[in-house]
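Construct the entire structure; sequences and hints are all you get.
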Amino acid sequence: MIWRDAVLEALHRFSIRHNTREVTRQELIDEELDQIVHDTNSHGATPSQTLSRILQELRTEDVLHFVSDGVYLLLDMPINIEEVDLSDKAIDLAIEQRKLQLGVVPAGDGQALTRQRRGQARIRELTLQNYNYQCALCDINNPQFLIASHISRWTDDIEGRGDLSNVICFCKFHDSLFELGYFALSDKYQILKKNNCESQLINLILNLTEQFRLPEKYLPASKYLHRHRERTGF
Numbered sequence: 412m413i414w415r416d417a418v419l420e421a422l423h424r425f426s427i428r429h430n431t432r433e434v435t436r437q438e439l440i441d442e443e444l445d446q447i448v449h450d451t452n453s454h455g456a457t458p459s460q461t462l463s464r465i466l467q468e469l470r471t472e473d474v475l476h477f478v479s480d481g482v483y484l485l486l487d488m489p490i491n492i493e494e495v496d497l498s499d500k501a502i503d504l505a506i507e508q509r510k511l512q513l514g515v516v517p518a519g520d521g522q523a524l525t526r527q528r529r530g531q532a533r534i535r536e537l538t539l540q541n542y543n544y545q546c547a548l549c550d551i552n553n554p555q556f557l558i559a560s561h562i563s564r565w566t567d568d569i570e571g572r573g574d575l576s577n578v579i580c581f582c583k584f585h586d587s588l589f590e591l592g593y594f595a596l597s598d599k600y601q602i603l604k605k606n607n608c609e610s611q612l613i614n615l616i617l618n619l620t621e622q623f624r625l626p627e628k629y630l631p632a633s634k635y636l637h638r639h640r641e642r643t644g645f
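Residue 412 is where the sequence shown starts when you use the numbering used here, and the numbers rise one by one after that.
Derived by calculation from the structure, the hints in this document are not laboratory data.
Take the hints with a grain of salt, since some may be wrong.
As the list claims (entries may be wrong) - Ranges between beta-carbon positions, derived for each pair:
hint, residue 1, residue 2, range
1, 460, 592, 57 to 63 Å
2, 554, 590, 17 to 23 Å
3, 529, 467, 27 to 33 Å
4, 556, 603, 19 to 25 Å
5, 446, 622, 57 to 63 Å
6, 622, 532, 37 to 43 Å
7, 604, 438, 36 to 42 Å
8, 564, 612, 21 to 27 Å
9, 521, 637, 35 to 41 Å
10, 604, 540, 27 to 33 Å
11, 567, 521, 22 to 28 Å
Unchecked claim - Straight-line alpha carbon distances no greater than 30 Å define the calculated DSBU-like cross-link-like pairs of lysine-lysine that follow:
hint, residue 1, residue 2
12, 628, 604
13, 599, 583
14, 500, 628
15, 605, 634
16, 605, 628
17, 583, 634
18, 599, 628
19, 500, 634
20, 604, 634
21, 510, 599
22, 605, 510
23, 583, 510
24, 583, 605
25, 604, 583
26, 628, 583
27, 634, 510
28, 500, 583
29, 634, 599
All figures in this text were calculated on a predicted structure; none of them were measured in a lab.
The C-beta atom is built at its ideal place from N, Cα and C for all residues, glycine as well.
The following block contains the structure:
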């Protein structure tokens, strides 16, 4: 077996054994180096140096991502947040690489629910950062009034739950109006509004809603905007 394949198998064994995708280099050496040497039939004098080289190559391939000194996150496949233990930084990396999945929590599984809530909390924090802690449609910047609003709804789009391009920072007012279909966004982020609403207050908010403020990095994806328009009749 070649070194790359042996190391990748060792990373997966470590991940399963510790119920995490965060791999500490020294622990990997302590627990897996002998098996890697056996699997590769290696006779070199410095197998730990060879392992370090392979780990760097896997980082270059985006299979591994650097979390902190001597700690890596294994991202060769999506991560189901309910099934593993991760640090906040590792969760953020998985979200940013579009590899975090939030699924269905089995009834009575408190640990899985706690993990999912941590994932949701990191999605909210990264969304607020992406929009500089301000509603994308008005001047509200008090975090207590801000919502990480999914474009394609949580219940309708499991694959989009952890995708930052499916989440917009809205205030509570715009979040509710967006969810209920009083307005939508075009693929070019123009605001599309329902006319002649029954409420003077809703009409006032819509009249004051004139421009979508673009985020720093993760733009709303057209596929999610299309699903929202389709659902709300635009």
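Point to revise | Violations among the numbered hints | key: 6, 7, 22
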